[in-house]
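Residues per chain are reported as follows:
Number of protein chains: 2
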Amino acid sequence: MTESLDSERMASWRAYIEASQRLFIQLEEDLRAETGLTFADYHLLVLLSEAPGQRLRMGELASRLVFLPSRLTYQISSMQRRGLVARQPCPEDRRGSEAVLTAAGLLTLREAAPHHLRSVRTHLMDDLDDAEVACLTRVFERLGRRLRADRDASSTPDNK
Amino acid sequence: MTESLDSERMASWRAYIEASQRLFIQLEEDLRAETGLTFADYHLLVLLSEAPGQRLRMGELASRLVFLPSRLTYQISSMQRRGLVARQPCPEDRRGSEAVLTAAGLLTLREAAPHHLRSVRTHLMDDLDDAEVACLTRVFERLGRRLRADRDASSTPDNK
DNA sequence: GGCGCTTTGTTGAAATTTGAAAGAGTGGTA
DNA sequence: TACCACTCTTTCAAATTTCAACAAAGCGCC
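The listed protein sequences correspond, in order, to chains A and B. With our numbering applied, the first sequence covers 1 to 160. With our numbering applied, the second sequence covers 1001 to 1160.
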């Protein structure tokens, strides 16, 4: 009933948020230095490379990247200029468009992946034992599921 | 020796990063809706409120917030305009300046804290059992410590 | 006391991100 | 068919963030 967190949880929360922030900054820095890609660039390339036809609707991409739509528009334009992706009108729905991975984009991803994975390993994963990995997986998969669900619920107009 | 992550760790990594991103966005949204503060505003107020004399040097503040110096300058200017902090020249070192919490800033923090802590609880902490909290604390305190050390080391000019 | 060299923090321009509004289509329904 | 409400994406302006100088002190050393 109290509004506060017990100090145990407070400490956990603070450690989590600070370390995460540092980690994301460090990974972004590494990625940029080694491959010239942004973290968003990389993540987007991964998503496209795994999609059937190596293409995704803008909306789908935005939601997976947790990007505002207009931010994705900008991001795709930038990657298009660099030749990493192409933009195509969507056949089924003429309002929409899809982002398609180019050959150059795939190549860039293939080149960048080992560097990035090494960063992830050295900065994070190598220090975790199996139990810790299992714990993180459980916690964050559950959290992600719940946050996705919350968001879907709040965007549905049936919040009478 | 291979550059990749085993699929267990890869899944863990992906879950962690996506959920974290969603969480940060959600918390920011809640905070803004309930208090008009940004996550950075709030964090900065917390740091000042805990500092001796409720004041901190710009550099110290920047490093704790994981902000670039120029970003902190902008952030402080904005909060100064809103009356939440004041900027004072530093007595010991005339190059420097310090940010000081104002009465209004403290009041704002006191009002915002319960809301924010409730968000943190409902979105994250309430779903974790004690073992999970302990695991997160251990993992992220270790990680934060290591990343801070790495950064200090790389900024030291003795990387012969 | 005067030089170089480093540290602190700010500035200004460019790049990115947000937020509101517009454009173009879809789908249901009268 | 015509209309209305809604969805998908882009556009534009404003706010924020980065990046590359820069000014102003400190600091050691001759």
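By construction, these hints were calculated from the structure, which means they are not laboratory data. It is possible that part of the hints are untrue.
[Unchecked claim] Reference listing, derived: stretches of chain B covered by chain A, where coverage requires no fewer than 3 residues with Cβ under 8 Å from a Cβ of chain A: (1) 1005-1012; (2) 1088-1101; (3) 1119-1128.
Here a beta-carbon is modelled for each residue, glycine too, at the ideal position from N, C-alpha and C.
Which numbered hints does this structure break?
-> 2
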